[in-house]
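Take 1 as the starting number for the sequence shown in our numbering and just add one per residue.
To be clear, the hints were calculated from the coordinates, so they are not data collected in a lab. Please note that a few of the clues may not be correct.
[Stated by the list, open to error] When the alpha-carbon atoms are kept at most 27 Å apart in a straight line, the in silico DSS-like pairs for lysine-lysine are as follows:
| # | residue 1 | residue 2 |
| --- | --- | --- |
| 1 | LYS54 | LYS107 |
| 2 | LYS54 | LYS64 |
| 3 | LYS64 | LYS107 |
| 4 | LYS96 | LYS111 |
| 5 | LYS64 | LYS110 |
| 6 | LYS191 | LYS96 |
| 7 | LYS54 | LYS267 |
| 8 | LYS110 | LYS191 |
| 9 | LYS107 | LYS191 |
| 10 | LYS96 | LYS107 |
| 11 | LYS267 | LYS191 |
| 12 | LYS54 | LYS110 |
| 13 | LYS54 | LYS111 |
| 14 | LYS267 | LYS107 |
| 15 | LYS267 | LYS64 |
| 16 | LYS254 | LYS267 |
| 17 | LYS267 | LYS111 |
| 18 | LYS54 | LYS96 |
| 19 | LYS64 | LYS111 |
| 20 | LYS96 | LYS110 |
| 21 | LYS267 | LYS110 |
| 22 | LYS191 | LYS254 |
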Amino acid sequence: IAQYQETSEVPMLIAADEEGGTVSRVSRNSQLVATPFQSPQDLYAQGGWDAITKDTTDKAGILKELGIDAGLFPVADVATDPNAFIYDRTIGQDAKGTAEYVTTVVKALKKAHSGSTLKHFPGYGNNQDSHTDIVTDTRSMTELEDNDLVPFQAGIDAGVDSILVSHNIVNAIDDSVPASVSAPVHDLLRKDMGFDGVIMTDDMDMAGLADFMSQEEAGLKALQAGNDLILSSTYASQIPYVLQAIEDGEYSEKDLDASVTRVLNWKEELGLLAE
1 IAQYQETSEV
11 PMLIAADEEG
21 GTVSRVSRNS
31 QLVATPFQSP
41 QDLYAQGGWD
51 AITKDTTDKA
61 GILKELGIDA
71 GLFPVADVAT
81 DPNAFIYDRT
91 IGQDAKGTAE
101 YVTTVVKALK
111 KAHSGSTLKH
121 FPGYGNNQDS
131 HTDIVTDTRS
141 MTELEDNDLV
151 PFQAGIDAGV
161 DSILVSHNIV
171 NAIDDSVPAS
181 VSAPVHDLLR
191 KDMGFDGVIM
201 TDDMDMAGLA
211 DFMSQEEAGL
221 KALQAGNDLI
231 LSSTYASQIP
241 YVLQAIEDGE
251 YSEKDLDASV
261 TRVLNWKEEL
271 GLLAE
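All chains should be built: construct the whole structure from the sequences, respecting the hints.
In structure tokens, the structure reads:
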């Protein structure tokens, strides 16, 4: 990480999945972290919101020491079925409890000057795993508004830095493409929910998107839809594709500059651009 920063003209934003429990990259290595990060449900069972707050603060400190600016958490999905794909990664509570969890973590991360990321907008619910298949969410808009969107709005109100969008096709918002490349989904975030921070895609190699369109097309579509950051391992071919789209008038430099500005603002807030 230090070498990356030394060779980058503009300081890089380094992030890693550190939800705790089943999704934790750094603490899998005992040489980096003595005790693996626990899942939100285990922490809450042990000590309620105080345990969540302490763990978040401790985790942020460990990540910062390693040069990691954002842990890509908390998970804001509301899942009530223990058999659901996302359940073990959530706080395991209803919309109200999940909103409290999200607010607690976002505020703790902000106090620790560590980046916060809500995922996976607009909410997985009890749907299947889009890592392995194209997933269609058939719930009504009323169900989403009364349940899944509640924790995301709570996180926005608490000052969350970024929001990660899923690859699920959410029929109530846009039944034509995955949420990550859907303009109506991003309009909901920006216009209806008032989010002005960084929006990013989920991993573009996941089948929910990769089986739907090519990586090059997906990279451009993600930006056109309103994402600021693309989580991709195919950037070498995606970047020329995007540049060509700008030359062809399919994607505007104004929109690109707006996304770059949001990312730079986030870096500045994290102290990465300090002279």
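Hint check results:
1. LYS54 to LYS107: 12 Å, holds
2. LYS54 to LYS64: 16 Å, holds
3. LYS64 to LYS107: 17 Å, holds
4. LYS96 to LYS111: 23 Å, holds
5. LYS64 to LYS110: 13 Å, holds
6. LYS191 to LYS96: At roughly 23 Å apart (the allowed maximum being 27 Å), LYS96 and LYS191 satisfy the hint.
7. LYS54 to LYS267: 24 Å, holds
8. LYS110 to LYS191: 24 Å, holds
9. LYS107 to LYS191: Since the Cα atoms of LYS107 and LYS191 sit roughly 23 Å apart, the hinted pair holds (cutoff 27 Å).
10. LYS96 to LYS107: With a Cα-Cα distance of about 17 Å, the restraint between LYS96 and LYS107 holds, given a limit of 27 Å.
11. LYS267 to LYS191: With a Cα-Cα distance of about 24 Å, the restraint between LYS267 and LYS191 holds, given a limit of 27 Å.
12. LYS54 to LYS110: 13 Å, holds
13. LYS54 to LYS111: 12 Å, holds
14. LYS267 to LYS107: 18 Å, holds
15. LYS267 to LYS64: Judged against 27 Å, a Cα distance of about 14 Å means the pair holds.
16. LYS254 to LYS267: 20 Å, holds
17. LYS267 to LYS111: Status holds; Cα separation ~16 Å.
18. LYS54 to LYS96: Between LYS54 and LYS96 the Cα gap is close to 21 Å, so the pair holds against 27 Å.
19. LYS64 to LYS111: 13 Å, holds
20. LYS96 to LYS110: Between LYS96 and LYS110 the Cα gap is close to 21 Å, so the pair holds against 27 Å.
21. LYS267 to LYS110: The given pair, whose Cα atoms are some 13 Å apart, holds under the 27 Å limit.
22. LYS191 to LYS254: OK: LYS191 and LYS254 at ~18 Å, within 27 Å.
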